[in-house]
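Go by the hints and put chain R onto chain U.
For the record, the sequence lines run as chains U and R.
Residues 34 to 324 (the numbering used here) make up the first sequence, in order.
Residues 34 to 324 (the numbering used here) make up the second sequence, in order.
Everything labelled a hint here was simulated from the structure, so no lab data went into it.
Mixed in with the good hints there might be a few duds.
Copies of the same chain are indistinguishable here, so a pair counts whether it falls within one copy or spans any two.
Stated by the list, open to error - Result set (DSS-like, lysine-lysine): computed pairs, CA atoms no more than 30 Å apart in a straight line: (1) 281 to 156; (2) 62 to 274; (3) 281 to 62; (4) 274 to 156; (5) 281 to 66.
Here the structure is a predicted model, which means the values were calculated and not measured.
2 protein chains.
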Amino acid sequence: MADRERPVFPVAGLGAAGPVMVIGGAEDKLRDKVILARFATLAGGIDGRVVIVSTASSLGDEAVVIYRELFLGLGIGEVVGLRPEEREQADDPAGVEAIRNATGVFITGGNQSRLTQVVAGTKLADALFLARDRGAVVAGTSAGASAMASHMVAYGRSGATPKNRMVHLSAGLGILQGIVIDQHFEQRWRIGRLLAVVAQSPSLLGVGIDEDTCAIVHADRSSLEVIGRGAVTIVDGANVKTDAYRGKGYRPLMVSGAILHSLPGGYWFDLRGRHLLTAPSAPVQEREASE
Amino acid sequence: MADRERPVFPVAGLGAAGPVMVIGGAEDKLRDKVILARFATLAGGIDGRVVIVSTASSLGDEAVVIYRELFLGLGIGEVVGLRPEEREQADDPAGVEAIRNATGVFITGGNQSRLTQVVAGTKLADALFLARDRGAVVAGTSAGASAMASHMVAYGRSGATPKNRMVHLSAGLGILQGIVIDQHFEQRWRIGRLLAVVAQSPSLLGVGIDEDTCAIVHADRSSLEVIGRGAVTIVDGANVKTDAYRGKGYRPLMVSGAILHSLPGGYWFDLRGRHLLTAPSAPVQEREASE
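Okay, chain U solo, but in the shape it has when bound (with noise of 0.2 Å):
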């Protein structure tokens, strides 16, 4: 599995990348849509055309023919469904024209070691890469945002403590760098594998995204916006102090000094400063500006 940390294609400008949602899975698809009608937007609405990829789910093409309707019902002018299910499908020319033509992808939840063992290192993700480089929205629930990103979460166990062996790292689709996702984050109490992840690898940021909630990664790659009914939680091993590179069986672990940010909607991230932002748009100084 290739850890693919560039582009093969010539990109465009940084400035005129698109942004990346990783959502938390379950988003709502029912009431306001908050999550949805956000990708509906950037993908550019009546003028958009939406890829859904759904190799990672088990759902077959049923995955797909629910998230077609609902974009279609959020006004996307174009939807059409991409499933590999072996590599050499990922590599086929027509699924690359496909994404080459998108305004928008949507990558559905399911076992996300399915999706990157089809999918990672592919010409299908090469397209990937490209179409976020361009301008097109890149968006991925549940298992599809796990897989976003270089260092993924391929399984691991419940629990607020963190604990030897308690999670595994496979290779993601690397459209994201620098950090590791973890889904449905708080509903299965994914916190200690988190802080395990942070103090095995400190280089990476640990992002942690509650359901129904989503971390925009925006053009900048650094900038994070976070949407949605729950909260991202990051986790910050910068500065940790651990045991865990001497680990044994599964018994707790030590870690020390994580800096830990629990963002509900609304609140911005400086994924590169490791900070909270207060611009553009946080509530924080505009409430205090209005008091």
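Leaving out everything else, chain R in the frame of chain U:
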């Protein structure tokens, strides 16, 4: 409810004070009994006189019977039970006298609000301060652990994401200062509410204790030692940015910059300095020296 910050009796020098053991509940009673054996040792073994305070428990005298047999089995010379159920009983001279002669006091689990509403601010509580200050070990498990500090989690909800109004404080016994204790920490998913507490009260250090795990606050009232099977999670909100002060309803709180320490058995922490201690016996130092 008085939040008593200081004992009313004259206190011995700090060096002569006893340790305080804060246990996360469900401590091992059948196998190694690491935590209860440490209590028995600190209480003086065969020369020890232990008082069990069972007010929190709904089991009546049964809680006393269980711990009495355990402590006698661990070699304690004398074990008696004390179960005030009304505040006037907690002012009763006989109970105060029992505590005055004790080398160890063990406060059972149950309902911490019941415990503090009967005991906090009474002569029995004053006798507990005095016992600690003249060198007796004072231990509490579960509800007995929560009640140990001046600020006590009375009740709250589970979850990893901090939310408004998810946790309610009241005044504890006040034997420990400057911290707020939560127990059954991993098992009942209490990281979110501890983050919410320190966001609202950044002067308090949050101390979350897993089941079968104990934080021993030593005589200097700053050195915290972890023993047992799980971990002690320390949440430091000194540098937190938050919107907690304008929280409404049961929505996620913004908490940015909390520092988190997850410490398994064998590790030490400096409560006053808010950092990992490598002395007097931290495994990191020992093991590194042996490499």
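So which of the earlier hints does this model not fit?
Violated hints (numbers, rising): 1, 2 and 4; every other hint is consistent with the structure.
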